[in-house]
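> Residues per chain are reported as follows:
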Amino acid sequence: MSAIYILWLRELKRYIRSKAQIVASLGQPLLYLLVLGFGMGPVFQKAGHGSYLQFMAPGVVSMTILFSSVFSGIAMLWDRQFGFLKETLVAPVPRIQIMIGRTFGGATVAVLQGLLILAVCLIAGFRPTNWALLPVAFLFMGLIAVVFAALGTAFGSILQDMQGFQLIMNFMVLPIFFLSGALFPLTDLPKPLAIITRLDPLTYGVDALRGVLIDASHFGLVLDISLLCSIALAFLSLGAYLFSRIQL
Amino acid sequence: MIQVQNLVKKFGDFTAVKDISFTVEKGEIFAFLGPNGAGKTTTIKMLTTLLHPTSGKIQLDGLDPSVAKNEARQRFGIVFQDPSLDSEQTAHENMELHAVLYKVPRKVRAERIQQLLALFELWERRDDLVKTFSGGMKRRLEIARGFLHTPKILFLDEPTLGLDPQTRNQLWTHVKHLNETQQTTVFLTTHYMDEADRVAHRIAIIDHGGIVAQGTSLELKQQTNSESLEQAFLALTGSTIRDEAATSADQMRQVAKMWSNRR
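Chains S and U supply the protein sequences, listed in that same order.
55 is the number that this note's numbering gives to position 55 of the first sequence; each next residue is one higher, with no gaps.
126 is the number that this note's numbering gives to position 126 of the second sequence; each next residue is one higher, with no gaps.
There's no promise every hint is true.
Unchecked claim - Simulated crosslink set (DSSO-like; lysine-lysine; CA at most 27 Å straight-line):
id, chain 1, residue 1, chain 2, residue 2
1, U, K131, S, K13
2, U, K138, S, K19
3, U, K103, S, K19
4, U, K103, S, K13
5, U, K57, S, K13
As the list claims (entries may be wrong) - From chain U, some residues computed to sit far from chain S (all C-beta separations above 10 Å):
id, residue
6, Q3
7, N36
8, K103
9, T132
10, F133
11, G135
12, G162
13, T173
14, K221
15, Q222
Bear in mind the hints are in silico, worked out from the structure with no lab data behind them.
Quick caveat: nothing in here was measured; it's all calculated off a predicted structure.
The beta carbon of each residue, even a glycine, is placed where N, CA and C say it ideally should be.
Model the full structure from these sequences, guided by the hints.
Structure below.
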């Protein structure tokens with residue numbers, strides 16, 4: 001257990017110490033929130049869906065968590081590069097503990113990033129329908145973070161160099177974000193898009209957050225939570241398996 | 001303590017380690033010498049569970065490291081040839097993390113960390129981030145960390161690369177001390193023949209993935225009619241200079257250099 005803790009703590013320390021990185025990683029979500037939120041707002045309103053800022057705030061929070069948690073897993077490339085990964089891999093600690101420590105450390109950092117963006121959303125004028133449900137929202141944020149930190153660990157375990165990183169970014173992370181319904185409502189979608197969005201794990205995360213924060217869930221919280229938990233378990237197992245097979 | 005039989009490692013078509021066998025007794029200091037790219041580090045990686053052998057048998061203290069991984073890992077410590085520190089943490093935090101991973105009892109932890117950091121003259125800088133350290137300081141920290149727990153087997157992969165004579169001396173004195181007082185078995189590689197001559201009980205010379213000679217320093221000299229171990233080494237391995245192919249790690253190091261302001 002102490003091995004898990006110390007590796008979890010390491011991820012947190014690194015996060016808190018890299019102030020520049022914290023600011024930099026908030027840039028993109030802020031752009032989405034402010035430019036799309038206010039730019040698309042009038043059109044969205046005219047179409048009869050209410051405030052676009054209200055609608056997309058949960059999406060932008062999910063996006064922040066998605067990016068941050070996948071990156072934390074892929075940051076393993078740096079540890080591979082700078083050698084620290086070796087130090088942990090030869091240690092007499094089962095690899096599953098090392099993987100869990102890293103993954104949950106990354107997930108915790110992602111939740112912190114998500115909370116920052118949520119705070120920005122509140123400042124920008126976002127208002128949850130029921131403030132009492134905010135802690136439940138934190139819970140879902142944590143669940144989203146675990147799902148994608150585990151996926152990040154799985155990627156990080158296979159990737160050998162930076163070229164692969166671009167590949168993951170353009171063909172996995174961005175599609176996961178754009179197809180999740182973070183930016184558009186899931187009602188009345190064309191058939192193919194409707195199917196693809198349903199295959200995207202983030203869809204259920206965004207939907208759950210929307211359910212809790214603005215009382216507008218498409219699938220219902222029960223389906224969301226059970227799917228998210230199953231996906232988290234599946235990705236954690238996949239991550240643990242791939243991590244255990246790393247050779248240097 | 002270490003038994004290797006017919007060990008082979010292939011990367012695709014390339015055979016990095018060709019059917020090597022050797023034994024290291026308990027309490028022995030064993031030097032593994034060879035030119036660049038001879039297969040030293042690959043062998044150490046297989047011994048320390050980082051790589052799976054293609055074929056052959058390894059036993060560490062009677063355990064097969066590819067099966068009983070954690071039990072085997074518990075028995076050895078290693079100082080790597082490449083850096084393996086966390087540059088975003090302080091010297092002390094790096095030591096602390098290692099102590100936790102290797103289950104150094106909490107009671108002795110603080111004391112040992114202080115002793116070792118002082119021994120390698122890093123105590124004053126304990127709360128500085130490793131990324132602010134010079135190359136020599138990082139190396140010293142790496143070595144201090146390797147001594148933090150007291151393993152039965154200590155692997156040292158070119159530990160003195162880039163060290164000043166003072167630190168080198170400190171290192172070998174400490175290694176000999178551990179070997180004499182705790183019966184620690186030491187498996188080392190180095191390019192400095194004088195070091196091997198000075199500390200090693202037995203020496204194996206590896207070239208092109210195969211062991212070309214084994215024995216004490218004296219035996220190797222007699223076998224080749226040489227006066228020094230360096231001459232013996234050159235007689236056995238020839239004097240052509242070897243190139244190592246750049247690995248993906250080296251390529252990434254290039255990228256990392258470009259980005260090095262991040263770290």
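> Would you check the hint for K138 (chain U) and K19 (chain S), treating anything up to 27 Å between C-alpha atoms as holding?
Since the Cα atoms of K138 (chain U) and K19 (chain S) sit roughly 24 Å apart, the hinted pair holds (cutoff 27 Å).
> Minimum C-beta separation from G135 (chain U) to chain S exceeding 10 Å: can you confirm that?
At roughly 13 Å from the nearest Cβ of chain S, G135 (chain U) sits farther out than 10 Å, so the non-interface label holds.
> Verify that the Cβ of T173 (chain U) lies farther than 10 Å from every Cβ atom of chain S, and report whether the claim holds or is violated.
Non-interface label stands for T173 (chain U): nearest chain S Cβ at 25 Å, farther than 10 Å.
> Would the pair K103 (chain U) and K13 (chain S) pass a check requiring their Cα atoms to be no farther apart than 27 Å?
21 Å, holds
> Is it true that the CA of K131 (chain U) sits at most 27 Å from the CA of K13 (chain S)?
Holds - the C-alpha atoms of K13 (chain S) and K131 (chain U) are around 14 Å apart, at most 27 Å.
> Hinted pair, alpha-carbon criterion (27 Å max): K103 (chain U), K19 (chain S). Please report holds or violated.
32 Å, violated
> Could you let me know if the closest chain S CB is still more than 10 Å away from the CB of Q222 (chain U)?
37 Å, holds
> Quick check for students: does the CB of G162 (chain U) sit more than 10 Å from each CB in chain S?
Since the minimum Cβ distance to chain S is about 15 Å, G162 (chain U) lies beyond 10 Å and the statement holds.
> Below or equal to 27 Å on CA atoms is what counts here, so check K57 (chain U) against K13 (chain S).
The given pair, whose Cα atoms are some 41 Å apart, is violated under the 27 Å limit.
> Minimum Cβ separation between F133 (chain U) and chain S greater than 10 Å?
The claim stands: F133 (chain U) keeps its Cβ more than 10 Å from every Cβ of chain S (closest is about 13 Å).
> K221 (chain U) clear of chain S by more than 10 Å, beta carbon to beta carbon?
35 Å, holds
> Is the claim that N36 (chain U) lies outside the interface with chain S correct, judged by CB distances over 10 Å?
19 Å, holds
Consistency with the previously given hints fails for numbers 3, 5, 8, ordered from lowest to highest.
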